[in-house]
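Colleague: The primary structure of each chain is shown beneath.
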Amino acid sequence: MDTQSYMPVPPGVGLEENFFSLDDILLSHQRLPCRTENAFPRLGFLEKSSETPDILEGTKMEMPLWLAKGLYERKRRVLSVDLPKMYREGWRTVFGADPNVVDLHKMGPYFYGLGSQLLHFDSPENPEIAQAILQTYIGRFRRTMDSSQNAYNEDTSALVERLDFLERTLFREGQSGLNSFQQWERGKAGHLTASSLVTNYRKRKINELQE
Amino acid sequence: MFCEKAVELIRELHRMGDGQLPAFSEDSIRQVLEEMKALYEQNQSDVNEAKCEGKSELIPTIKFRHCCLLRNQRCVAAYLYDRLLRIRALRWEYGSVLPANIRFHMCAEELEWFNQYKKSLATFMRSLGGDEGLDITQDMKPPKSLYIEVRCLKDHGEFEIDDGTVILLKKNSQHFLPRWKCEQLIRQGVLEHVIS
Amino acid sequence: MDPSEVEFLAEKETVKIIPNFSLDKVYLIGGDLGPFNPGLPVSVPVWLALNLKQRQKCRIVPPEWMDADKLEEIRELERKEDTFTPIPSPHYMELTKLLLNHAADNIPKADEIRTLVKDIWDTRIAKLRLSADSFITQQEAHAKLDNLTLMEINTTRTFLLDSLKYMYKLRSNLQPGSGKSQDY
Chain A
3 MDTQSYMPVP
13 PGVGLEENFF
23 SLDDILLSHQ
33 RLPCRTENAF
43 PRLGFLEKSS
53 ETPDILEGTK
63 MEMPLWLAKG
73 LYERKRRVLS
83 VDLPKMYREG
93 WRTVFGADPN
103 VVDLHKMGPY
113 FYGLGSQLLH
123 FDSPENPEIA
133 QAILQTYIGR
143 FRRTMDSSQN
153 AYNEDTSALV
163 ERLDFLERTL
173 FREGQSGLNS
183 FQQWERGKAG
193 HLTASSLVTN
203 YRKRKINELQ
213 E
Chain B
121 MFCEKAVELI
131 RELHRMGDGQ
141 LPAFSEDSIR
151 QVLEEMKALY
161 EQNQSDVNEA
171 KCEGKSELIP
181 TIKFRHCCLL
191 RNQRCVAAYL
201 YDRLLRIRAL
211 RWEYGSVLPA
221 NIRFHMCAEE
231 LEWFNQYKKS
241 LATFMRSLGG
251 DEGLDITQDM
261 KPPKSLYIEV
271 RCLKDHGEFE
281 IDDGTVILLK
291 KNSQHFLPRW
301 KCEQLIRQGV
311 LEHVIS
Chain C
20 MDPSEVEFLA
30 EKETVKIIPN
40 FSLDKVYLIG
50 GDLGPFNPGL
60 PVSVPVWLAL
70 NLKQRQKCRI
80 VPPEWMDADK
90 LEEIRELERK
100 EDTFTPIPSP
110 HYMELTKLLL
120 NHAADNIPKA
130 DEIRTLVKDI
140 WDTRIAKLRL
150 SADSFITQQE
160 AHAKLDNLTL
170 MEINTTRTFL
180 LDSLKYMYKL
190 RSNLQPGSGK
200 SQDY
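Residue numbers (the numbering used here), protein chains in the order written: chain A, 3 to 213; chain B, 121 to 316; chain C, 20 to 203.
Misleading hints may appear alongside valid ones.
What the hints assert, rightly or not - Per label pair, the in silico range of CB-to-CB distance:
1) P12(A) <-> I172(C): 18 to 26 Å
2) Y154(A) <-> Y201(B): 32 to 40 Å
3) V103(A) <-> G50(C): 58 to 66 Å
4) R37(A) <-> L190(B): 21 to 29 Å
5) Y201(B) <-> E91(C): 55 to 63 Å
6) E159(C) <-> F21(A): 26 to 34 Å
7) N102(A) <-> S247(B): 54 to 62 Å
8) L153(B) <-> V103(A): 43 to 51 Å
9) V103(A) <-> E154(B): 44 to 52 Å
10) E53(A) <-> L190(B): 26 to 34 Å
In case anyone wonders, no lab produced these hints; they're calculated from the structure.
C-beta: ideal position from N, C-alpha, C; glycine also.
Please build the complete structure, drawing on both the sequences and the hints.
Modeller: Put into structure tokens, the structure is as follows:
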């Protein structure tokens with residue numbers, strides 16, 4: 003195994019975000035279908051289709067999660083947020099029937115993260131959404147675990163293809179536990195190796211030279 | 121939309137998940153700061169207008185820009201912070217002297233930070249284990265023996281070991297050396313640990 | 020933790036050796052060793068036993084549990100029970116590997132022991148996975164892992180902790196208002 007000295011800030015997971023987490027910043031960049039309940043004077047240029055200097059009340063536009071979260075207020079409605087399709091009832095039924103058949107990478111890739119964040123927007127369907135993402139996680143867990151613990155020394159890209167971001171993290175952790183144990187069992191644990199950072203730098207340099 | 125440049129910075133780091141340090145994006149940072157300046161100035165004048173002329177319909181727009189300011193701030197702070205985590209890791213992977221091509225990727229303040237980190241780590245290590253100090257970047261794995269067999273992967277020139285003997289590290293030559301002397305060179309990819 | 024660190028800890032366990040040399044008591048920070056007399060059994064830490072063995076200074080007496088019949092009993096019990104059975108050594112896996120790799124000639128039925136220990140390990144790891152899955156499906160709030168050894172926990176530590184953490188966070192979503200409000 004390689005001792006990694008670089009440990010990035012982990013994502014908050016659930017309702018909370020970690021301010022410095024790169025993953026959370028990219029998660030909060032996911033776009034949500036919104037409707038303005040107020041005019042935004044002088045910002046019309048942000049909306050390609052609009053020809054007025056303002057964003058008018060009742061405009062349908064996509065906004066990143068961070069902006070929707072920042073503008074949203076319970077008391078004074080500035081905008082309302084629609085549910086993306088994979089959190090609506092139709093898809094919830096599909097997940098409920100068999101969570102394992104769904105390609106969460108294509109749906110997400112931050113399916114659990116975005117779903118949890120949506121709960122900030124007081125939708126009447128919130129309890130069902132929260133329940134659906136929890137049950138999806140539970141229903142898919144066995145498969146995530148088994149594939150991460152059984153694949154040894156093989157190409158894992160097909161195994162992770164349909165996994166959500168969180169599931170991929172779990173998959174990698176399972177793999178690294180398995181790999182370092184197998185290394186030890188084969189007597190390779192005491193082997194000193196070059197830092198993976200160093201070897202990757204070298205690979206990149208070679209690639210740059212070839213370009 | 122605002123803040124696109126800022127998130128580009130984050131994406132660039134995120135793509136290199138293994139901790140490599142990409143070149144410092146001075147230009148992008150400058151553009152983000154310019155956007156922030158513009159947002160701030162627009163808000164200043166709109167706030168004045170809202171106050172003096174009672175134009176309360178401007179408030180949502182002001183809030184909109186304010187969110188963008190905070191977002192830019194978060195992205196830049198996270199960019200700089202994550203780079204520091206990577207730079208700190210370099211001290212452990214490469215040792216206290218960084219190769220020129222990596223130093224080239226750091227801005228002046230980052231180089232300064234690296235030097236300060238290096239110094240405080242050295243001070244800490246000197247304070248350990250009596251007069252000699254203790255190099256805590258050594259023996260990252262429990263050693264099995266004091267000496268190990270190594271092969272040279274490239275020409276590295278002369279190398280002095282504990283007892284004062286100088287050996288020549290020539291490509292493909294093989295040596296039996298004190299483990300603690302080699303560990304750093306193995307991590308840097310100069311030597312290779314040979315297991316019989 | 021890296022498995023080599025777990026192995027390092029296992030090397031502090033003691034084992035009996037029969038030295039073929041004499042040496043007075045040695046006083047070390049970690050405890051006194053010896054005295055050593057030819058033919059007289061003495062307990063030493065595994066790291067020393069292996070070092071002496073490699074230099075042909077001693078014969079190693081295998082620990083009591085490292086015995087084909089006893090291990091077979093443990094294996095059958097482990098397969099029969101649903102829970103983890105108490106194991107005779109907290110470092111059974113590491114000690115088996117260390118002693119069999121360096122002192123197989125002192126251990127009767129070494130190959131059989133290797134297979135038995137591997138079987139016990141596999142059975143226990145399979146159980147560990149099964150229980151991880153049931154923690155998640157039953158949404159357990161805390162996990163109790165009795166009778167597991169350090170090496171076993173170590174292979175699954177981050178995976179298990181993070182999968183329980185994610186489950187906990189997704190479950191907290193069910194209680195509205197539990198999340199602190201954040202400004203970013």
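Colleague: Now tell me, hint by hint, if it's right for this structure.
Modeller: Checked hints:
no.	hint	verdict
1	P12(A) <-> I172(C): 18 to 26 Å	holds (21 Å)
2	Y154(A) <-> Y201(B): 32 to 40 Å	holds (36 Å)
3	V103(A) <-> G50(C): 58 to 66 Å	holds (60 Å)
4	R37(A) <-> L190(B): 21 to 29 Å	holds (23 Å)
5	Y201(B) <-> E91(C): 55 to 63 Å	holds (56 Å)
6	E159(C) <-> F21(A): 26 to 34 Å	holds (31 Å)
7	N102(A) <-> S247(B): 54 to 62 Å	holds (55 Å)
8	L153(B) <-> V103(A): 43 to 51 Å	holds (47 Å)
9	V103(A) <-> E154(B): 44 to 52 Å	holds (48 Å)
10	E53(A) <-> L190(B): 26 to 34 Å	holds (30 Å)
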